Amino acid sequence: QTVVLHVLDRARAAPELDRRRLELIYDITTELPASHDVSRLSEKIFVSCKEYFQQDHGSIALFQEDGSLQPLCCDYQDKALPLSRSIIKRVLQNGQSLLLEDALSSDSFKKEESIINLRIRSAMCAPLIYHNQINGLIYIDRNIPGAYSQRDLELFQSIAAIIAPLIENARLWSELQKKYADTMDKLRSTEARLIDTERVAAYVRLAQ
Numbered sequence: 001q002t003v004v005l006h007v008l009d010r011a012r013a014a015p016e017l018d019r020r021r022l023e024l025i026y027d028i029t030t031e032l033p034a035s036h037d038v039s040r041l042s043e044k045i046f047v048s049c050k051e052y053f054q055q056d057h058g059s060i061a062l063f064q065e066d067g068s069l070q071p072l073c074c075d076y077q078d079k080a081l082p083l084s085r086s087i088i089k090r091v092l093q094n095g096q097s098l099l100l101e102d103a104l105s106s107d108s109f110k111k112e113e114s115i116i117n118l119r120i121r122s123a124m125c126a127p128l129i130y131h132n133q134i135n136g137l138i139y140i141d142r143n144i145p146g147a148y149s150q151r152d153l154e155l156f157q158s159i160a161a162i163i164a165p166l167i168e169n170a171r172l173w174s175e176l177q178k179k180y181a182d183t184m185d186k187l188r189s190t191e192a193r194l195i196d197t198e199r200v201a202a203y204v205r206l207a208q
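In the numbering used here, the protein residues as written are 1 to 208.
To be clear, the hints were calculated from the coordinates, so they are not data collected in a lab.
Just so it is clear, the structure is predicted and the values come from calculations on it, not from any experiment.
Take these hints with a grain of salt, some might be off.
[Claimed, not checked] FRET-style restraints, in silico, Cβ to Cβ:
id, residue 1, residue 2, range
1, Y180, L92, 32 to 38 angstroms
2, T29, R193, 46 to 52 angstroms
3, P165, I195, 40 to 46 angstroms
4, Q133, S189, 34 to 40 angstroms
[What the hints assert, rightly or not] Restricting the straight-line Cα-Cα distance to at most 30 angstroms, the calculated cross-link-like pairs of lysine-lysine (DSSO-like) are:
id, residue 1, residue 2
5, K89, K44
6, K89, K50
7, K179, K44
8, K178, K44
Just so it is clear, CB atoms sit at the ideal spot from N, CA and C, and this is done for glycine as well.
Just need the whole structure built from these sequences, with the hints factored in.
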């Protein structure tokens, strides 16, 4: 017997938006883990996000030992860090992501100098949390109101949760490579000094 499943019709009519969300998550989860270069990894993430979110400005930044933010990838013309101090403070206070639908209609942000200077209307910011520690932030904004919705924020949070361990692992791998290179340089320098010392000792023995 033939059974007609009407639910298949609804599946075929699934929103294009949902498919694009899945493609974005798929790109990040399948291609990005192969990269151990933290800078190139961040750039790949921005390429994937740009196609979906169409942000005007954005940045992926990590906290340094002194508490400052160092951008890994910065989608801004003068390469300055396009982050509002008020937005950063709000995210760090509770460790939760922030959605700003229209800065000019928000009493908390509309008078902020950084918001005005950067012409921010819509923004999303999510902390990069790994092992219960905030290691950095991912941030995007647009200069038009209502650019992002609550569903966009949920997707943005998922992306932050995915890339946080990827970026941290890439950072640790880079540090390990640097330490290995430094150690090899020291070993080669020590070996060269030992060879020189042995050469001098051989000349001394020959002279004797």
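Verification of the supplied hints:
{"no.": "1", "hint": "Y180 with L92: 32 to 38 angstroms", "result": "33 angstroms, holds"}
{"no.": "2", "hint": "T29 with R193: 46 to 52 angstroms", "result": "49 angstroms, holds"}
{"no.": "3", "hint": "P165 with I195: 40 to 46 angstroms", "result": "44 angstroms, holds"}
{"no.": "4", "hint": "Q133 with S189: 34 to 40 angstroms", "result": "36 angstroms, holds"}
{"no.": "5", "hint": "K89 with K44", "result": "27 angstroms, holds"}
{"no.": "6", "hint": "K89 with K50", "result": "25 angstroms, holds"}
{"no.": "7", "hint": "K179 with K44", "result": "25 angstroms, holds"}
{"no.": "8", "hint": "K178 with K44", "result": "22 angstroms, holds"}
In terms of the numbered hints stated before, the structure departs from none.
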